[in-house]
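Please put together the full structure from these sequences, using the hints given.
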Amino acid sequence: QVRLVQSGAEVKKPGSSVKVSCKASGVTFSTYAFFWVRQAPGHGLEWMGEIIPVYDTANYAQQFQGRVRITADKSTSTAYMELSSLTSEDTAMYYCARGAPSGRYYLCGEDCFDYWGQGTLVTVSS
Amino acid sequence: VMTQSPLSLPVTLGQPASISCSSSQSLVYTDGNTYLSWFQQRPGQSPRRLIYNVSNWASGVPDRFSGSGSGTDFTLRISRVEAEDVGVYYCMQGTHWPFTFGPGTKVDIK
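Top line first, the protein sequences correspond to chains A and B.
Take the first sequence: its position 53, counted from the start at 1, is 53 in my numbering, and no numbers get skipped.
Take the second sequence: its position 70, counted from the start at 1, is 70 in my numbering, and no numbers get skipped.
None of these hints come from the bench; they were simulated from the model.
Be careful, since some hints might not be right.
Stated by the list, open to error - Restraint-style ranges between C-beta atoms, simulated for each label pair: (1) Ile109/B <-> Thr76/A: 39 to 47 Å; (2) Val27/A <-> Gly44/B: 24 to 32 Å; (3) Pro14/A <-> Arg42/B: 28 to 36 Å; (4) Lys13/A <-> Thr75/B: 41 to 49 Å; (5) Pro10/B <-> Glu82/A: 39 to 47 Å.
All residues carry an ideal CB built from backbone N, CA and C; glycine is no exception.
See the structure below:
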């Protein structure tokens, strides 16, 4: 059974950075991409970016370019999302999810977004 | 750009419900597939995929949920709404990178 377990809630000061982890089990980590999705309070789902572990490649949505860094540790089957220069607008729930198979990471169909982490609440407050 | 209507949908238990989703461009890929998915997010929970590729049920999804549509216009139907169906429903296109979600439709009981 595939499980994605995320790190715990964080409280950060404006201007600082946060790093959230997502540990995968029950899945061959290098076979898939892994996504990060943000949900601000009372708002919808926003795709932030992805890591494709087998290629050591990360891709980001334009609105997060330059401020987000997504990495993976294949030895521990863990994906990470680091967001810098935090403001109050970054207060949100952050989810990881299993992405598409590595060979077709640019399409999201059957084997995509089928497993999600429990979410990590990041609160940015002075 | 993905749009949904309505954004709020009060429903009666046992009655059908329908949510529309439109894309600003065709979601048909060169392989002939259409990568449009639907998600349910119950209050306080992570999103859950219901439907993929327009009309295919994800594992464990009750058959009272169904998806249809083609090209740029899609529909999620609930044949008989149950109390556990309360939440927000999102469509998502997986054809054009980066993937994008609709704004969500909030379903609650009248």
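Subject >> Hints the structure fails to honour >> reply: Structure breaks no hint.
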